[in-house]
Amino acid sequence: MKSLLLGNAAIARGAWEAGVCLASSYPGTPSTEITANIAKYDEIYTEWASNEKVAMEVAFGASLAGRRSFTGMKHVGLNVAADALFTISYTGVNAGLVCAVADEPGMHSSQNEQDSRHYARAAKVPMLEPADSQECLNFTKYGYALSEEYDTPVLIRTSTRIAHSQSIVTMSERMNPPFFQYEKNPQKYVMMPAYARERHPIVEQRILDLIKLAEDTFLNRVEMGDTKIGIITSGTCYQYVKEVFGGKASVLKLGMVYPLPSKLITSFAAKVDRLVVVEELEPFIEEHCKKLGLKVSGKDIFPICGELSQNIIADKLGVSYNDGMKIGEEIPGRPPVMCAGCSHRGLFYVLGKIKAVVLGDIGCYTLGAAPPLSAMDTTICMGSSISSLHGYVRAGGKNAVCVIGDSTFAHMGINGLINIGYNRSDCTVIIADNSTTGMTGHQENPTTGVNIKGEPCGKMDIEAVCRASGIGRVRVVDTYDLEETERVIREEMSIPEPSVIIARRPCVLLKTTKAQPPVCVDADKCIGCKMCMKIGCPAISKKESKVIINGAVCSGCGVCAQLCKFGAIGRDISQT
Amino acid sequence: METRNIVIVGVGGQGSLLACNLMGRALLLEGYDAKVSEVHGMSQRGGSVVTYVRYGDKVYSPVIDTGRAELLVSFELLEAARWFELLRPGGTIVTNTGRIDPIPVIMGAAEYPDNLQGKFRQKGAIVDAIDAFTIAAEAGSQKCVNMVMMGRLSKYFPFADETWQKALEETVPARLVDMNKKAFMLGYNAKKGVI
Chain A
3 MKSLLLGNAA IARGAWEAGV CLASSYPGTP STEITANIAK YDEIYTEWAS NEKVAMEVAF
63 GASLAGRRSF TGMKHVGLNV AADALFTISY TGVNAGLVCA VADEPGMHSS QNEQDSRHYA
123 RAAKVPMLEP ADSQECLNFT KYGYALSEEY DTPVLIRTST RIAHSQSIVT MSERMNPPFF
183 QYEKNPQKYV MMPAYARERH PIVEQRILDL IKLAEDTFLN RVEMGDTKIG IITSGTCYQY
243 VKEVFGGKAS VLKLGMVYPL PSKLITSFAA KVDRLVVVEE LEPFIEEHCK KLGLKVSGKD
303 IFPICGELSQ NIIADKLGVS YNDGMKIGEE IPGRPPVMCA GCSHRGLFYV LGKIKAVVLG
363 DIGCYTLGAA PPLSAMDTTI CMGSSISSLH GYVRAGGKNA VCVIGDSTFA HMGINGLINI
423 GYNRSDCTVI IADNSTTGMT GHQENPTTGV NIKGEPCGKM DIEAVCRASG IGRVRVVDTY
483 DLEETERVIR EEMSIPEPSV IIARRPCVLL KTTKAQPPVC VDADKCIGCK MCMKIGCPAI
543 SKKESKVIIN GAVCSGCGVC AQLCKFGAIG RDISQT
Chain B
7 METRNIVIVG VGGQGSLLAC NLMGRALLLE GYDAKVSEVH GMSQRGGSVV TYVRYGDKVY
67 SPVIDTGRAE LLVSFELLEA ARWFELLRPG GTIVTNTGRI DPIPVIMGAA EYPDNLQGKF
127 RQKGAIVDAI DAFTIAAEAG SQKCVNMVMM GRLSKYFPFA DETWQKALEE TVPARLVDMN
187 KKAFMLGYNA KKGVI
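Sequence order for the protein chains is A and B.
For the first sequence, this note's numbering assigns the number 3 to the initial residue and increments by one for each residue that follows.
For the second sequence, this note's numbering assigns the number 7 to the initial residue and increments by one for each residue that follows.
A few of these clues could be false.
As the list claims (entries may be wrong) - Cross-link-like lysine to aspartate or glutamate pairs, in silico, EDC-like; alpha carbons within 16 angstroms at most:
hint	chain 1	residue 1	chain 2	residue 2
1	B	K125	A	E332
2	B	K129	A	E331
3	A	K292	A	E332
4	A	K265	A	E332
5	A	K42	A	E19
6	B	K129	A	E217
7	A	K455	A	E45
8	A	K545	B	E76
9	A	K4	B	D39
Stated by the list, open to error - A few chain B residues facing chain A, derived, Cβ under 10 angstroms:
hint	residue
10	L93
11	R94
12	T98
13	A115
14	A116
15	P119
16	D134
17	K161
18	P164
19	T169
20	K187
The hints are simulated quantities; they were obtained by calculation from the structure and are not laboratory data.
Keep in mind it's a predicted model, so treat the numbers as computed, not measured.
Just so it is clear, CB atoms sit at the ideal spot from N, CA and C, and this is done for glycine as well.
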C-alpha cells in the first residue's frame, strides 16, 4: 500500500511493522510526530516519558524483557539520554532497541546546532541516516535486525527536512513481534567495574564488525555518473546534490553514517577526478576521508553553520542557479509571538515592570525574551533556569527569579528545585503552569493527568512536589490578574527563604479552555497612549491616533484592560 | 514531466499544515511522485511560515530554492513579499489581499509596505489576489482562509474536481468538511480583488 507520509510518521510505521511493543519518548521539535504517530497503533504501548533519559531507560527495560522497543528525541534530548546510551552500548540489548534522534541544522526551533553523529562515535553505536520517508521506514525496520544481530542500540538520525517532509512510502504489514526470553546475565547487564571491563573489548570488536558491514551494506550505495566530480553525502544533502547534478556527478550515498566504510570510500575516490563531501553541520565524513589520506573538499567551501541548500551547493561547486528576484524594499520581520490570551504574557509584563533578572527555560514562555516584553535574561537548556538561579543568588546576584514551564519542570527542573530545597538559597522559582507542553504542539505531560492516548492517568501534584523538596512557601497565582501576580511576586522576592510561585492558567489554545468574549476599545475614551500595546498582543494595533482590538484574534483575557488608565477597554457587549 | 514547484506561505496559525496535507493527498490521488514540506514548532507561534510542494515523475529535494517556484500561494499579503524571491521569473502569485500586521508594525517600529501587488507586477509576476478573509467569513469562519486559498490554487492544477473533493474529505475532520468545501468553492470562484 502506498501513502504520502511525513518522515516522522514513516519512522513510526517502520517501528510498527518491525513488531515494536513499546515506545517511550519526550517531545522535541523536529522529532515529536514520531511518537505521536506510534501512539495511533493500538499494538504498541506508547508513552510520553518525563524526560529523554527516562525514555531511553524505559526502552532499555522493554528490550531486557524481550520486546522490541523505541525511543525518539531531538538532538539536545540525546544530551539528556546520553548517560544511559553510553552504558547501554556496553550491555547491548536483549530485543532490538532503536533510538531516533532529530538534528536541527538552521535551528528552526532549537537552542543549538549540535551534530548527533558525534554521539554515535562517542558511544560506539551504529547510526543510520535516511534521506526520505521510504528510507525512514526501511531503516527503522532494519535497525531492529541490526540491533539484535550486533547486540547494540541503534541510532536513526534525521534532520528537520527529512523529519518534516512528506514523501511517498510503500507500506507492509506488521511482523509477528519477536520475543526473546530474559535470562539472568550479570556479566552482560551489571556494569560494575569488573564486568564493564569485560564488556568494553566486546564493544570494540562490535565496531570492527560494523565497519565490515559498512563496506558492503545496502545502506550505502554508489551512483556512478560523470566522474569529473564524486560527491559523498547522506540524508537531505543527498537530495540537494541529486537536484543540482542529476547524473552529472558520481555520488556515494551513505545510509550508515557511523561507523563509516574505508574501502568503499577509497575505491569511490579512486574513480573520480575530484572528491567532495556535502554534509550539514560538522565535517564528520570529511574528517574520516582525511584520515584515509584522501584529498577532499568539504568545509573549506561549505559552511558549518546552518542548513545547506541546492543554491549553496550549486554555487560552491560552480553550477549556475537562479538567485530569485528581490522586491526591493524592507519587509518587516514577523517573529513568533505569544498568542493572544497567552497565560505567560501577564507574567512577563509584571517581571519586566519590576525589572527582575529572569533566568528562563525552554518552552513557549521563552518568547518572553522578545520585545516588547523583553523580560528574560537567559535560556540554556531544559531545567537550567532553576539550578542557575540558585548559583546566581548564592554568588550574590540580586532581584532575580526564574521561570520554567510545567512540562520542563517535570523534565529536569525538579532536580534543580531539590538542590535549592537542600542547599537553601533565597530563590523565587516561578513555574508557569499552562497545563500542557505547548511549544511542541500540546503534548500531555506528568502534570496534566492525561496520557498520550488521551486517557486519564497519574497526575503529578506540583505543589506537593515543591513542598516535599523542602520548599516551605508555595503559592499559586492567576496571571490574568496583573495586580495579584505583581503583589505575590514582590512578596516572595522580598522574603529570605526559598519559595515557589505557580503561575497557573491553562493554554488558551487547549480544546478544554473556554473562549471568553473579546474585549474592545471605546474610541471616545481611548487617548492613544499605547499603554496596552506594551504587552505585545497580536490582537492589538493602532489605527490613526486610537488603538483597535481585532475581535477575531482576541481571546478576551482582559490583561490589556487592566493596563488602561482611562477605562477604554471593556467586554464587547455585541458579541456576548 | 519536469518537477513542478509550489510554495505556500502564511502566518503561523493560519492552517498551512492542513493545506499541505490536502495538497499532498490530491497529488497522491493523481498518482504523482510528490514531496511536501511542513513547518512545526516555534515558527507556528504567529511567525512567518513557508511550506514547499513539489511533484512530478521523480522528486528529489523537499525544498524549493530561490527563483524556482512557478506558484507562490500566500495566505497573507506581506508574506508574499517576504518569500517573493522564491518565485521564478514570470511566475504567478496567488495571494490573499488581507493583512495581518506583524509585531514590529503593531509596535510602530516598521511600516507595512504599500502597493505590494503593484510591486509584484512590476517585477513581472502574474498576480491573482482575492480577499480571502471576507470570503472565509462568508463560508462560516475566518479560520477557513487556508481552504479559500487552496480553492483558488486548485485553478492552477489540471486535476478533476473529484480529486480535490476526495482529498478534502480525507484530510479535514468530518464535522468541518461542509464548511471547508464551501470555503474551497468560494475561493475557486472568487472575483479577483483590486486592492
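Hint by hint, here is what the structure shows:
1. Between K125(B) and E332(A) the CA atoms are separated by roughly 13 angstroms; this keeps the pair inside 16 angstroms, and the hint holds.
2. For the suggested pair K129(B) and E331(A), the alpha carbons sit about 13 angstroms apart, so the restraint of at most 16 angstroms is met.
3. As the CA atoms of K292(A) and E332(A) are separated by approximately 44 angstroms, the hinted pair breaks the 16 angstroms bound.
4. Between K265(A) and E332(A), the direct Cα distance comes to roughly 52 angstroms. Violation of the 16 angstroms bound is thereby established for this hinted pair.
5. For the given pair, K42(A) sits about 13 angstroms from E19(A) by alpha-carbon distance, which is consistent with the 16 angstroms threshold.
6. Our distance criterion of 16 angstroms between C-alpha atoms is broken by K129(B) and E217(A), whose separation comes to about 52 angstroms.
7. Taking the CA atoms of K455(A) and E45(A), the gap is about 13 angstroms. The hint holds against a cut of 16 angstroms.
8. For the proposed pair K545(A) and E76(B), the alpha carbon gap of about 36 angstroms is over 16 angstroms, so the pair is violated.
9. A hinted pair counts as satisfied when its Cα atoms are at most 16 angstroms apart, and K4(A) with D39(B) qualifies at roughly 11 angstroms.
10. This hint holds: L93(B) has a C-beta 7 angstroms from the nearest C-beta of chain A, less than the 10 angstroms allowed.
11. Against a cut-off of 10 angstroms between C-beta atoms, the interface hint on R94(B) holds, since the closest Cβ of chain A lies about 7 angstroms away.
12. Contact between T98(B) and chain A, as hinted, is not supported at the beta carbon level, the nearest pair being about 13 angstroms apart and thus beyond 10 angstroms.
13. For A115(B), the shortest C-beta to C-beta distance to chain A is roughly 8 angstroms, which falls under 10 angstroms, so the interface hint holds.
14. The beta carbon of A116(B) is positioned within 10 angstroms of a beta carbon in chain A (closest approach about 4 angstroms), and the interface hint is therefore held.
15. Because the closest C-beta pair between P119(B) and chain A is about 6 angstroms apart, less than 10 angstroms, the hint holds.
16. Violation of the interface hint for D134(B) is found here, the shortest Cβ-Cβ separation to chain A being roughly 17 angstroms, above the 10 angstroms cut-off.
17. Of the supplied interface hints, the one on K161(B) is violated, with its beta-carbon coming no nearer than about 22 angstroms to a beta-carbon of chain A, more than 10 angstroms.
18. This hint is violated: P164(B) has a C-beta 19 angstroms from the nearest C-beta of chain A, more than the 10 angstroms allowed.
19. The criterion of a C-beta within 10 angstroms of any C-beta in chain A is not met by T169(B), whose closest approach is roughly 14 angstroms, and the hint is violated.
20. For K187(B), the suggested interface contact is broken, since its CB lies about 21 angstroms from the closest CB of chain A, more than 10 angstroms.
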